[in-house]
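4 protein chains.
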Amino acid sequence: MTIRTVCKVDISKPASEQPTPVHNRWHPNINSVATVLPGELFKVECIDWTGGQISNNDDASDIANVDLSQVHYLSGPIHVSGAEPGDLLCVEISDVQPIPGNEWGFTGIFARNNGGGFLDEHYPEAAKAIWDFEGIFAKSRHIPGVRFAGLIHPGLMGCAPSQELLETWNKREAELISTDPNRIPALANPPTLKGAWMHNASCTHSHGHDAARTVPPREHGGNCDIKNLSRGSKVYFPVYVTGAKLSMGDIHFSQGDGEISFCGAIEMAGILTLKTEIIKNGMALYGAKNPIYLPGPVEPRYNRLLTFQGISVDEAGKQFFLDATISYRMACLNAIEHLKKFGYTGYQAYLLLGAAPVEGKLAGIVDVPNACATIGLPLEIFDFDLTPVSGGPIVHNLGDCARVVGKKPSK
Amino acid sequence: MTIRTVCKVDISKPASEQPTPVHNRWHPNINSVATVLPGELFKVECIDWTGGQISNNDDASDIANVDLSQVHYLSGPIHVSGAEPGDLLCVEISDVQPIPGNEWGFTGIFARNNGGGFLDEHYPEAAKAIWDFEGIFAKSRHIPGVRFAGLIHPGLMGCAPSQELLETWNKREAELISTDPNRIPALANPPTLKGAWMHNASCTHSHGHDAARTVPPREHGGNCDIKNLSRGSKVYFPVYVTGAKLSMGDIHFSQGDGEISFCGAIEMAGILTLKTEIIKNGMALYGAKNPIYLPGPVEPRYNRLLTFQGISVDEAGKQFFLDATISYRMACLNAIEHLKKFGYTGYQAYLLLGAAPVEGKLAGIVDVPNACATIGLPLEIFDFDLTPVSGGPIVHNLGDCARVVGKKPSK
Amino acid sequence: MTIRTVCKVDISKPASEQPTPVHNRWHPNINSVATVLPGELFKVECIDWTGGQISNNDDASDIANVDLSQVHYLSGPIHVSGAEPGDLLCVEISDVQPIPGNEWGFTGIFARNNGGGFLDEHYPEAAKAIWDFEGIFAKSRHIPGVRFAGLIHPGLMGCAPSQELLETWNKREAELISTDPNRIPALANPPTLKGAWMHNASCTHSHGHDAARTVPPREHGGNCDIKNLSRGSKVYFPVYVTGAKLSMGDIHFSQGDGEISFCGAIEMAGILTLKTEIIKNGMALYGAKNPIYLPGPVEPRYNRLLTFQGISVDEAGKQFFLDATISYRMACLNAIEHLKKFGYTGYQAYLLLGAAPVEGKLAGIVDVPNACATIGLPLEIFDFDLTPVSGGPIVHNLGDCARVVGKKPSK
Amino acid sequence: MTIRTVCKVDISKPASEQPTPVHNRWHPNINSVATVLPGELFKVECIDWTGGQISNNDDASDIANVDLSQVHYLSGPIHVSGAEPGDLLCVEISDVQPIPGNEWGFTGIFARNNGGGFLDEHYPEAAKAIWDFEGIFAKSRHIPGVRFAGLIHPGLMGCAPSQELLETWNKREAELISTDPNRIPALANPPTLKGAWMHNASCTHSHGHDAARTVPPREHGGNCDIKNLSRGSKVYFPVYVTGAKLSMGDIHFSQGDGEISFCGAIEMAGILTLKTEIIKNGMALYGAKNPIYLPGPVEPRYNRLLTFQGISVDEAGKQFFLDATISYRMACLNAIEHLKKFGYTGYQAYLLLGAAPVEGKLAGIVDVPNACATIGLPLEIFDFDLTPVSGGPIVHNLGDCARVVGKKPSK
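Residue numbers (the numbering used here), protein chains in the order written: chain A, 1 to 411; chain B, 1 to 411; chain C, 1 to 411; chain D, 1 to 411.
Among the hints, erroneous ones may be present.
Okay, the calculated bits of chain D under chain A, using three or more residues with CB under 8 Å as the criterion [stated by the list, open to error]:
#1 134–144
#2 242–251
#3 287–301
Far from chain B, by Cβ distances over 12 Å, these chain C residues were calculated [said to hold, decoys possible]:
#4 THR2
#5 SER94
#6 ASN114
#7 HIS122
#8 GLY135
#9 LEU193
#10 ALA201
#11 SER202
#12 PRO357
#13 GLU380
Don't read these hints as lab results, they were simulated from the structure.
Since we're looking at a predicted model, the values are computed, not measured.
All C-beta atoms in this analysis are idealised placements derived from N, C-alpha and C, irrespective of residue type, glycine included.
Let the sequences and hints guide you as you build the complete structure.
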């Protein structure tokens, strides 16, 4: 009657020595580590996306020096009996939990020259916040004044690409890179043997030259970082290879829409409870080219969203045409400015927008030339009231997040 | 004890003959039509954004031939006693209602050569849906199978710009236009006397040459098309001129995030009940450069969102860099494809995504090179079940939306 | 295209002179005032339940001297074409609104010797609060510190009883009365010509001797005072006579579960928008003996319910057996005691529990000998924080509700 | 950094051999098993309320023969440093989880002659349903057609009574019992050595003669069976003895309001994560005589409640005076009748109302002589649509729940 754990991890060991082998690239030829039947309930354990590179301390040096060629370490692939190319694989995320005894996670701002992030022009240095889990809640000694229920979810999940789809990815991304090959941060990351790990050295060596990196979300889903893919959600994934070869990882205790600081979610190791169902020929029957999902019924009820707007005019006053990315960027900067008035440093506020359950929305996308995007902060998660009042904000003593020790931080 | 109506409309009359004069441009020199005190509850009536150009019939010719130089007709400006530049003007939207006896609205797809929209490359022709209001619900003879509670709101609200801010707008938009001045649809729309109306001919003539068009949302708010700005919301608007000069209009019975078909909301005339409060020097105290808002407590509880993803790779397979606009566009196309499998025409589905309370979100914005955006359709509003099941969708007989009569429509 | 109003009222006129006749008793022989078709959208206007006996002032004398033999004035009956005994009549409450220009309501505590209420042993005097409607919100000069969105609904709705059902009601209630015929307040109220009104003097005289009083909810629904029967709800009513003969009234802007002070809701005149559907033979098909309902999708999102418990041991310490009425009574007294610590008088708190959207629940009903009932107060509706904190409550200056002028009130 | 588990259980062992001693009576002299500091996060493991008497099988004999003198087995008491009589002890239920590897629970209907329940006159026989947990969801082979997210909670929690309070309880309950001492089921259960267990034989023997039974909720909270006391809730408990002596147990994976079949919740062993805070002198400061609680932010979003009404007229047609217990009983019977039309047996439906997250409310409690109570069933949890439609219900093949094997069950 006990639920079978098909992928096991040992967080005291390096990624290359996990009880069930892990991988950090997408390739159709990575062997399955387990087989499940449709309808079967099973568990999958996952290490954190960096493979244990980040420590529970007050020094952001590990974030500054992170080796991003290794990410994301994934559990799987899992062979689902009967799944064939063209099917939709419905995966119910029946539960997501931290690993008992390991109730903490981290949020990072990567340095601009090693990873970067959404606002790296404003916040170019590495920073870190450690979060402690108090049951369903997270709080951080690095970002006081806020505590919230986690909308816990896997940031990354998807089926293996076919060889043909893999080649499409590599080709189109190479074309983008070629438009500005020396850009820092890079426009995209091509396949590379460096840092690659596909269960063992032999598989890694065989497929590392064309195995796709895991950072971008793609047609198969992958690193979608959809914060609402939490307990009880169902996802309908396109299947490209026999057995589907489902992989997953990048567990987040919580995340804000957009995961703006790149390592913005509360990253952790965790355990998924899953159940699958096959919809034969579902891709054609429903015209599905990307995953479709239904959120679960237990999302936190945070309704009082103090919401900031942004339009597609950048900091320099330059007008862009319906550029929702710039709109959201400006909305985030507006929210950070507001938080700073209450005593947070900009780095704290930036970390918070990545980690807390903030809502990022596309309000208007057709009113030329300005797209309007919004970011909503749930008032219920703060110890103090963020709404504007006559007399102005009360400034709190909120310290700072973790920085690289020994280096003088900017504000 | 009766609540004062400070702006009255007569929907049987043209925009130029309204009981309280209306205007369709932004300019600091448009005279206020009324004065209110902070804390005072008052009502504002508004005509629809086109000034009555669209009729409740089954012919989309009026949409095809709409005169967009006239939009948006706004009520106001309203002088708020005591408001001064630098303040934040908190406006509570205490209620929004249709005009009794006029319980209908329209959603349009503008023709590509006269207005266009988010998906005009795929849906270049004019189309229309008429919605009937059944109390809090809307349904359409042109889009059967769906009925939903309206998240009723003003699409457009904001304070008058200062002369300086107005010049900033005009300058930056002119620069954008100059990069491709002959584009259809245009990149932006410069000030023009054609179609302008600012209370009367004299004011129009004096200020029409530099008065800003109302389509784009800007720093002051304006046409933000935020669907959650519904009953009970509070908005904190920056104030740029003495008395704030608050204007508003573009009432929507409902809208989907993004309002993708441009005339995508359920457009109508309506009545706002409002209340204001001044936060002295609020712009500096809170670092506010754009409006901030808090949604109200009575939003419809539609939680089962069937959600479609899009990434920043366009229909041709071209890879873009973290372009959330393309991601949302692809998510919308995915949702439309799904709806078509159940019997809707593409035009019906496109109209529906603009009008129904769909959620448009920014899931991931940092996973180079792909931004991930999502659009969520509330399953509760459909007569049939949209979730993927084994065996595939049941095709319903759902007719079509209104097209230009006498012209053979594309599907 | 305009929606037909089938019952019209004029709140400046007495109940006996309404444009469409009203009635205040249940009897199968009251003639229908209008006929509607299934599927037809129509409006029904209603006067307040007392027929205008209560005034918008600061004197509770009208409450003290209210004539309860007249209540409740109802609009209808409405004949629904095709409805027959044994059917279920599905009524959608498409909308509920106050009458324009009349945006206020009242909550009363009846004197113990004229009506009484749930806590009349503790609060035996008449008291009143006037509420002003600010769009979707209500606030009261008599109960400062609180403002909330109305969960607006008809307190009373149902189909006419058959003669046989009417006799059952009269018989069983007479038996109850006979167990303590002189009790004050009475155990139940028998038919009486005094105060009766059934459209006109002739009908009143003919049927007043056995027409049932409207206060109790019964098999047909009637005065259920279900606060969640708000905008967008559907109710399935048993039909007992040809044409259903649907009547309704007792419009509430808001109410707490239990409506504890009897005149506890925010009482008002109002306008219903309705739509019906007939389920032939539905009573037998579904085994329905009482109405069934589905709440609508736009209920206020008040989730932070500070909840007080009560058990079935009364104030004197006497133990009762699973008596949920006593449990709820004790929970209410506990909530009132809490509110008093913040500065409210007991009468204000009692009024507030009847009028605000508080949740009254049956927690445990089997744990002999104590039933556990709870009452939850939404924290979001108060200007100050009601949660217990170290140091104790801050006492606010909250005045008092309206009392009988010239009489020294008890606290 | 690991969270301390202050009470450990071993579900393979009998109640008397648990690693941390358990108890099944309330008495101030039961020694504390652990000490915690205010603000400290800690875990408490609990066995199921019967101490393992019920098995995961298809035979209800264990339910029929259950020894109720043993219930409820509780973990604790826990000494909270600094808590003194008169304080309020705020307990945050930071998390509640099943015991890993033991993902199942049971719901039972006790036989009328051994425990009984809310509807035992209609359903006098023992019955059982076993529930399997699929992550956050529960489903039962004995009640097909339904699956729901658990609103997991401790059914029982509270601080030890003072000797004086204990004597008050015993006295008042004895008085009730004396009114009908031979009633089956009993009106209340007096202290008894039989079945008592207070950590060890010595303590049991010393205090068994006056230690209170755990079934009823009382002033201290105790067996309140409040289904919303789930993850993230806070409860403010009165403190009567030094150190508070907090005990808890009776973990429920889910429960309907009222827990109508007595063993109506989904009973299980489980793990609580808790955190305490002391509000000095809080009982007097807030006038608190019973616990106060605030529900957590992650309750399942089940909003479409098909709601059945009941009034205080019993099955025989007898009229009672504002008796909410009878009203709720009639509402439950109405809901069961509805469910039976879809293919459930009455016993299945009765079990379901105890176990599923149904809402039991007090609608009207003052409309003499009828109280109106309601029970709402969330439509989202059923595989088929429960709403009434033309043509009537579709009957499903839903089998039956577990009965006593070898005995012919009634329907």
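Hints versus structure:
no.	hint	verdict
1	134–144	holds (count 4)
2	242–251	violated (count 0)
3	287–301	holds (count 6)
4	THR2	violated (5 Å)
5	SER94	violated (3 Å)
6	ASN114	holds (28 Å)
7	HIS122	holds (32 Å)
8	GLY135	violated (3 Å)
9	LEU193	holds (37 Å)
10	ALA201	holds (34 Å)
11	SER202	holds (35 Å)
12	PRO357	violated (10 Å)
13	GLU380	violated (7 Å)
Hints 2, 4, 5, 8, 12 and 13, counting from the list given before, are not met by this structure.
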